[in-house]
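> Below are the chains, spelled out letter by letter.
2 protein chains.
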Amino acid sequence: MDPDFGRLIRVELESNGVKVITGQAVQSIKRRERSLLVQTASGQTLIADMILVATGVKASNMLARTAGLALGVAGAIRVNRIMETNVPNILAAGDCAETWHSILKSNVYMPLGTTAHKQGRVAGENMVGGHREFQGSLGTQVVKVFNRIAAGTGLRDAQAVKAGFEPLTVGLTVLDRNTYYSEAKEMHICITGDRRTGRLLGAQIIGYRGSELAKRIDIIASAIFSNLQIENLCDLDLSYTPPLSSPWDPVQKAAMQWCTTLDTKA
Amino acid sequence: MDPDFGRLIRVELESNGVKVITGQAVQSIKRRERSLLVQTASGQTLIADMILVATGVKASNMLARTAGLALGVAGAIRVNRIMETNVPNILAAGDCAETWHSILKSNVYMPLGTTAHKQGRVAGENMVGGHREFQGSLGTQVVKVFNRIAAGTGLRDAQAVKAGFEPLTVGLTVLDRNTYYSEAKEMHICITGDRRTGRLLGAQIIGYRGSELAKRIDIIASAIFSNLQIENLCDLDLSYTPPLSSPWDPVQKAAMQWCTTLDTKA
Numbered sequence: 125m126d127p128d129f130g131r132l133i134r135v136e137l138e139s140n141g142v143k144v145i146t147g148q149a150v151q152s153i154k155r156r157e158r159s160l161l162v163q164t165a166s167g168q169t170l171i172a173d174m175i176l177v178a179t180g181v182k183a184s185n186m187l188a189r190t191a192g193l194a195l196g197v198a199g200a201i202r203v204n205r206i207m208e209t210n211v212p213n214i215l216a217a218g219d220c221a222e223t224w225h226s227i228l229k230s231n232v233y234m235p236l237g238t239t240a241h242k243q244g245r246v247a248g249e250n251m252v253g254g255h256r257e258f259q260g261s262l263g264t265q266v267v268k269v270f271n272r273i274a275a276g277t278g279l280r281d282a283q284a285v286k287a288g289f290e291p292l293t294v295g296l297t298v299l300d301r302n303t304y305y306s307e308a309k310e311m312h313i314c315i316t317g318d319r320r321t322g323r324l325l326g327a328q329i330i331g332y333r334g335s336e337l338a339k340r341i342d343i344i345a346s347a348i349f350s351n352l353q354i355e356n357l358c359d360l361d362l363s364y365t366p367p368l369s370s371p372w373d374p375v376q377k378a379a380m381q382w383c384t385t386l387d388t389k390a
Numbered sequence: 125m126d127p128d129f130g131r132l133i134r135v136e137l138e139s140n141g142v143k144v145i146t147g148q149a150v151q152s153i154k155r156r157e158r159s160l161l162v163q164t165a166s167g168q169t170l171i172a173d174m175i176l177v178a179t180g181v182k183a184s185n186m187l188a189r190t191a192g193l194a195l196g197v198a199g200a201i202r203v204n205r206i207m208e209t210n211v212p213n214i215l216a217a218g219d220c221a222e223t224w225h226s227i228l229k230s231n232v233y234m235p236l237g238t239t240a241h242k243q244g245r246v247a248g249e250n251m252v253g254g255h256r257e258f259q260g261s262l263g264t265q266v267v268k269v270f271n272r273i274a275a276g277t278g279l280r281d282a283q284a285v286k287a288g289f290e291p292l293t294v295g296l297t298v299l300d301r302n303t304y305y306s307e308a309k310e311m312h313i314c315i316t317g318d319r320r321t322g323r324l325l326g327a328q329i330i331g332y333r334g335s336e337l338a339k340r341i342d343i344i345a346s347a348i349f350s351n352l353q354i355e356n357l358c359d360l361d362l363s364y365t366p367p368l369s370s371p372w373d374p375v376q377k378a379a380m381q382w383c384t385t386l387d388t389k390a
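Each protein sequence line maps, in turn, to chains A and B. Plus 124 on top of the position in the first sequence (first one is 1) and you've got the working numbering. Plus 124 on top of the position in the second sequence (first one is 1) and you've got the working numbering.
Watch out, some of these pointers could steer you wrong.
Said to hold, decoys possible - To give an idea of the interface, some chain B residues facing chain A are shown, with a C-beta separation under 8 Å as derived from the structure:
no., residue
1, Leu-160
2, Gly-237
3, Gly-253
4, His-255
5, Thr-321
6, Ser-335
7, Ala-338
Claimed, not checked - Partial list, derived from the structure: chain A residues whose beta carbon lies under 7 Å from chain B:
no., residue
8, Thr-169
9, Asp-173
10, Asn-271
11, Gly-295
12, Arg-340
13, Ser-346
14, Ala-347
As the list claims (entries may be wrong) - List of simulated lysine to aspartate or glutamate pairs, DMTMM-like, C-alpha gap at most 25 Å:
no., chain 1, residue 1, chain 2, residue 2
15, A, Lys-377, B, Glu-249
16, A, Lys-268, A, Asp-318
17, A, Lys-286, A, Glu-307
18, A, Lys-377, B, Asp-219
19, B, Lys-268, A, Glu-310
20, B, Lys-377, A, Asp-318
21, A, Lys-229, B, Glu-310
22, B, Lys-377, A, Glu-249
23, A, Lys-389, A, Asp-318
24, B, Lys-229, A, Glu-355
25, A, Lys-389, B, Glu-249
26, A, Lys-268, B, Glu-355
27, A, Lys-309, B, Glu-307
28, B, Lys-309, A, Asp-219
29, B, Lys-268, A, Asp-318
30, B, Lys-389, A, Glu-249
By construction, these hints were calculated from the structure, which means they are not laboratory data. Positions of the beta carbon are idealized from the N, C-alpha and C atoms, including for glycine.
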């Protein structure tokens, strides 16, 4: 998440009674009677009933190493677009393998359930004589945090810079229904595109209506898949009826804002 | 709506106490005290407090005719892709004008709010010296009927035949969440594609969760915009988290079903 969006998630957590502490390493965890004592590097002591450690995913590569397979990014099994490893007749897919990123045009380590399903299908089909290529991932993700939903796809601004683009990222807060509609709720969208070409590179959305928000990120993911420009988002013939949306979908309003911002800065 | 889907809408209406009578022309409407008396051609008499007549939209073309503008489909003002009429410096947009259909590659009469907004933007920009082309409509629509939502985009099977395609339409009833999820609800999707080329031509979805259903039609509308094949829908990197979807989105499950059906019939 970009910092602005991260703050919104933090507010949601805190308003639900969660204490958020960031930037502090855990130095030790000790048991004291029925509790757990957490000591941080800065000297803070916290008491917990249960601790969940979520420090990222590591590819399980022991079997692969034993079999002599080459490893790639972050120790994941090196694969090509048809999910072949460097050893003939051994294919790999899922969280143990690398993932081809379709904007970066290179392999990354990005273990996601949706990607594992797609890679598994490709590997399976090729194992039985098919010829299918994995079309790549955009890192599309969605997460539900109490009543807030945050979703993203493609490159964030900093990633786009690193990948050699000249990104412009524009944020917009917009109602997800016509303003006269009592059920209208705020949605924050930020959209990233390349200044030189107008190409759509990524987006993040945060709001309250989960599944329609997620499906809006999917509209953007579909547009990136087809190498559309941000301007093209305004041309999409999206559905509309007052109880469900607005004549210009929030995604299109964000795209217009991006185009206007680019024109103003040019 | 295709007849199968029409039946589902009928059931929703009837289960909410609406009496549905189809295929009967209204012969006369008469006032009797505080009620209205409707006489049908088949001799049925109905009593009403209020009558809504919804018999389609007709282009309001009087001003245009007076100004000497050429009319096109269904009496709508004839326009080109930059929204020019046949008279220099007069542009037209919205329900009074024709709409370019991007699959049919010809003008149709299809007055929709979303289209009017897009055409108005194109006309406005061109009037002040811009050069923008209307990218066309797919007739994407969504309607809320009590708790059911029905949405569609692109060509229905019969329309596809008429347009010279060799359509295959495949329907699928699918849960919109993982089966273990208590909030999972049924969604009916039917998807139409060309047998020869695999090109995605259209889809209809009916179900209960309005806005996420509508946004799923929008994923398909975006895919049609980019001339994707049905097979490509399975490659889209769509978002997933258990409370909001399934690892293969219903749209992708329907696409797989379509491909399997084509293979089986081939």
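> Which hint numbers doesn't this structure obey?
Result: hints 1, 3, 4, 5, 8, 9, 10, 11, 16, 17, 20, 21, 26, 28 and 29 break, sorted rising.
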